[in-house]
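Participant: Spelled out from the first residue to the last, the chains are:
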Amino acid sequence: MGDIGFTNLQAILPQLFLAAMAVWLLMTAAFSCKRVCNAMLAGTLITLAGTAFYLAPHLRAEPVIAFNGMFVVTGFTVFAQLLILAAAALVVLISADYLKENPGYSSSFALSEGSPAARDPSVKPKDDGGKGQPSEYLVLLLLAVLGSMLMVAANDLLSLYMALEMSSLALYVLASFNRDNAKSSEAGLKYFMLGALASGMMLFGMSLVYGFTGSTGFEFLSALFAKTGLEVSKGVVVGLVLIIVGFCFKLSAVPFHMWTPDVYEGAPTPVTAFFATVPKVAAFALFTRLLLHPFGHLLPDWQQIIIFVSVITMLVGALAAIAQSSIKRLLAYSSIGHVGFMLMGLAAGNAAGAQAILIYLALYIFMSAGAFGCVLMMRRGGQYVETIKDLAGASRTHPVMAATLSLFMFSMAGIPPMAGFFGKMYVVLAAVSAGLSWLAVIGVATSVIGGYYYIKVVKIMYFDEPAPHFDKAPFMLRFGIAIAALVIFAFCLIPSPLVLQAKAAADTLLP
Amino acid sequence: MLTALILLPLLGALMIMLFARGDDARAAGEARYIALFTTCITFALSLYLWIGFDGNLAEFQFVEKADWFKSLGITYYLGIDGISLFMVLLTTFLMPICILCSWESIQKRVCAFMVSFLILESFVIGVFCALDVIMFYIFFEGMLIPMYLIIGIWGGKDRIYAAYKFFLYTLAGSVLFLVAIIYLYHAFGTTSIPDLIKAAPTLPLNVQRWLWLAMLASFAVKVPMWPVHTWLPDAHVQAPTAGSVILAGILLKMGAYGFLRFSLPMLPDASHYFTPLIFTLSVIAVIYTSLVALMQQDMKKLIAYSSVAHMGFVTLGIFAFNIQGVEGAIIQMISHGLVSGALFLCVGVVYDRMHTREINRYGGVVNVMPKYAAIFMFFTMASVGLPSTSGFIGEFLILLGTFKASTWAAFLATSGVVLGAAYMLWLYRRVVFGDITNDEVRAMHDVSARELTLFIPIVILAVWIGLYPKPYFHAMDASVAQLLKQSEGQR
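Chains A and B, in that order, are what the protein sequence lines are. Quick note, the first sequence lines up with residues 1 to 511 if you use our numbering. Quick note, the second sequence lines up with residues 1001 to 1491 if you use our numbering.
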C-alpha cells in the first residue's frame, strides 16, 4: 500500500506527459509567449498527439488497475480518452486563427466586445500590446483535457469527483474568457453557479453511497451489489439518484439543461466548440461506466430515470431549437437532442448500448466540431456574426462551405448516407435489443422534429437570396473542417475500423 | 454490373463538379452535355440488363455481395428480379428525358441542378437494386436530399413550403420503417432481404401487425395513399417540370415497390389481415381524389391528383393477391410512370411559353399548336386507359384481379375509371379546344424538335406495352408467381 510502483506510473504515463507538457506550456506562456502564437499552438497539438501516441498501445492491452483501484485502464477508457484527444485537437485546429487574431480582452473596459474597436486589430489592448488571446487559453484547454481523461479513467467515487472538478475549474475560466464581454462573463458565472450546485449534489450522493455501503471503490461496490441484488438500502438509491442529477447537469440533459444555450451563446465560439465536444465525451463515457459497471446490478433502479430523462431531453432538444435565431443557440439545443438520443443507448443498459454510445460520440464530435468550424467561418469585415440569417444564400457565395455545413446538418438530422444516421441506427438497435422498441419510436419521432431545424439551415443557405460575402477563411480552419467532413462522409464507406474498435471497447466494460 | 449502374451517375456528377465550374453559360452547357451523356450511357447499360435477364428464373439475378458493416452482418448486397428490373429500366429511361426537358427551362445554377439529378438517379437505382434492408433504407432516405434541393431551389413560388412538406412527410414515414427493420434485424440477426423473406413470416401475427403498420407509414406516404397524399400536389405544383416527372414517374413507385418487396413477402399474415384497410383507402383514393381533380384550376395540380388516383389502383392490384392484380399493378406502375411523366412534360411545354399553369388562361391551343395537341391527346387517352395504350392493360388487369378478391372494391374502383375519363377529357377540352380567348396563346409556337424527341420514345413505349405486353409479362411472371407463393401466409 502507498508506494507508487512502476505499473502505476506506466498506466497513467499519457496523463503524466500531458500534465508535464501543460506545465511547461504554462511557463512558456508566462515568460516568453504572452499571446497565442504559432509556437504555442504547435506545442498544444504536439502535446495532444504525443498523449495519443502514448495512449494508443493500451487500446488492446489487458486492463490495468492502478493506484489501489483509484484509476483503471481498459479498452473502454482508452477509446474514450482517444476521442477526447481527437476532439480537442480538432477544436484547436479550427480555432487556431481565431485565437491568434482576436484579442480576448483588454485592460480597458471601454472596449467592450460588441464595439468595433475591440475587434479591430489596429486598436491594440493596452496591457501588453500583443494581438490574440492570452496564451493561458491553451494551457487551460490542456488542463480541461487532462481532467476529462482522468474522469474517464476514474475507478473510485473520490477520484471521479477530483477529476470532474479539475476539468470543471478549467471550463469555468474558459467560459468567461472574454472577460470584458458581459455575455461571456455571464456565461462563466452561470456555469460556475449551476456547476457548483450540481457538484455539491453529486458529492452529497457519493457520501450517501459511501455511508450506506462503506466504500467508494467501483470494484467493491460492484461486488457488493452483485451479492445484494436489488435488496440494497434506500439510501444507496437516493445517493445514486443525486449522482445521476450531477451527471445530467454536466451532460446538459433536461431538466438540468438551462445553462447550456446561454453558455454556448456567451462563451467565445472556440470555447463553445470545446464545450460541445470534450466535456460531453468525458461525462458520457464516465456516466456509462458508472451506471453499467458498479451500479449495473441496480439496472431496474436507474433505468426508468434514464428513460424519462432521455425522452424529455430529446423532446426539448428538438422543439426548443425550432425557434432559435442564433446558430450557436441552435447548436446548443441540437447537442441537447443528441445527448437525449445517446441516453437512449444508456437506458438499454447492455453492451450494445455502450458500443452505440461510443460510436455516436465518435461521430458526434466530428459533426459538432465541424459545424462550429463553419460558425467560425461566418466573419464579415473582421467581425464574427452568429445569426442563422447571416448564412443566407451561402450556397452561391461560398459553395464549398455551404455544402460542408449541409453535410453536417444532414448528418446531425440522421439522414443517410451521412455518418450521423449510423450513430442513430446503432442506438436504436441497442434500444430494440433491450426491449425498448417504444422508446426507439419516440426517439426517431423526435429526430423527425429535429430534422425540421436542420433542414431550415440548409434552406437558408440554398434557397434564400445571398447575404454579403464572408471573409476568406484561414487555412487551418478549412483544414480542420475538411477533416471533420471527410470522417462524416467516409464512415459510410469504411465503417468497420471504428465499429469494431467500439465493440471491443464496449466488451471490456461488460465482460 | 449493378454497381456500375449506381456509380455511373455519381461519376457524371463528380465530373460536373470537377470540370464544369462556375455559373457562366459555358459551364452550364458542359454540365448539360455531361449529364445527358451519362444518363444515356446508364440507360444503354440498363438495356443490357434486360437482355441478360433470364425471365424463367424467380431468383435474384446479377447478384453482387461484399462485406460492409462486418460486426453487424450488414452486407453490400445488390440484385434484381422481374419486378425491380422494370423499375430500374423506367428510371434510366426517364432520366435522359428529364435532362432534355430542363435543357432550356433551367437557366439558374445549371451545374448544381444536373449534379442533384445525377445523384438522385444513382440513389433511385440503388433503392430498386438493394437486397439489404439497411442499404435499401439508405438509398430510400438519401434521395430526399437531392429532391429537397431540386424542389427548393428550382421550384415555383411556394417552393420552400412544398420542399419542407415533402421532406418532413417522407422522413416521418420512413423513420418508423427504420425501427421496423431494426426490429427484424434484432429478431433474425440478418439484414439480407432474401433471408428475411424466408425467416420473417414465422413471426406471430400480433408482431407482424405492428411491423406492417410501421412499414405502411413509410410506403403509404411515398405512394401516396389517402389520407397522407397532401404533400404530393404541393410538391408537384412547385417542382420544376423535370422534378415533377421524376416524382410522378419514379419516386411514387418506391412506395408500391416497398409493398411488393417487404410487406407482402415478409409479413404475409399481416398483409392479409390488413387487406380490407388497403382496399378501403385505395377506393377512397380513387374516387375522392378523382373528384378533387375535377375541381382543380391548376394543370399540374390536376395531374398530381390523378396520380394519387392511379396509384390507388396500384395498391388495389397489389393487395388483390393474385397474378392478374400484381402484374397489372406493375404494368400500371410502368404505364403511370410513362404517361403521367409525359403529361407533366406536356404542361411543361406550355408553361415554358406562357409561364402559367392556370387552365382558364388557355383555350384553343389546337389552333396554334396542332402537333402539341395530338401528343397531348395521346397521353390524355393513355391516362384514361384507352385500349391499345399501356394504361388499359394495367387498369384492366388490376380490376380483373380485384374483382376476384372483392367485388365491391372492383365495382367502386371502376367508377373511378369513369371519373378519370371525365377530369382528363375536361382538362383537355378546356386547354386545347374552344376559341382562343387569351392573346398570349395566339403567340405560342408549336413543339420544337427537342421537345418532340422527348415525347416520341414515350409514345412508342406506351403503345408497345398497350399492344404487345408479352415481353414484359415474360420477364416478371416467375418473380410474381414466387412472390404470390411467399405471400400466401399461414392461413
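Treat the hints as calculated values from the structure; they're not laboratory data. Please note that a few of the clues may not be correct.
[Claimed, not checked] Which residues of chain B face chain A? A partial, calculated answer using Cβ under 10 Å:
(1) LEU1018
(2) PHE1019
(3) SER1071
(4) PHE1140
(5) LEU1144
(6) LEU1149
(7) LYS1157
(8) ARG1159
(9) LEU1168
Ideal Cβ positions, reconstructed from N, Cα and C, are used throughout, including at glycine.
Participant: Each hint should be assessed against the structure and marked as holding or not.
Facilitator: Each hint tested on the structure:
| no. | hint | result |
| --- | --- | --- |
| 1 | LEU1018 | violated (13 Å) |
| 2 | PHE1019 | violated (15 Å) |
| 3 | SER1071 | holds (5 Å) |
| 4 | PHE1140 | holds (8 Å) |
| 5 | LEU1144 | holds (6 Å) |
| 6 | LEU1149 | holds (6 Å) |
| 7 | LYS1157 | violated (12 Å) |
| 8 | ARG1159 | holds (7 Å) |
| 9 | LEU1168 | holds (6 Å) |
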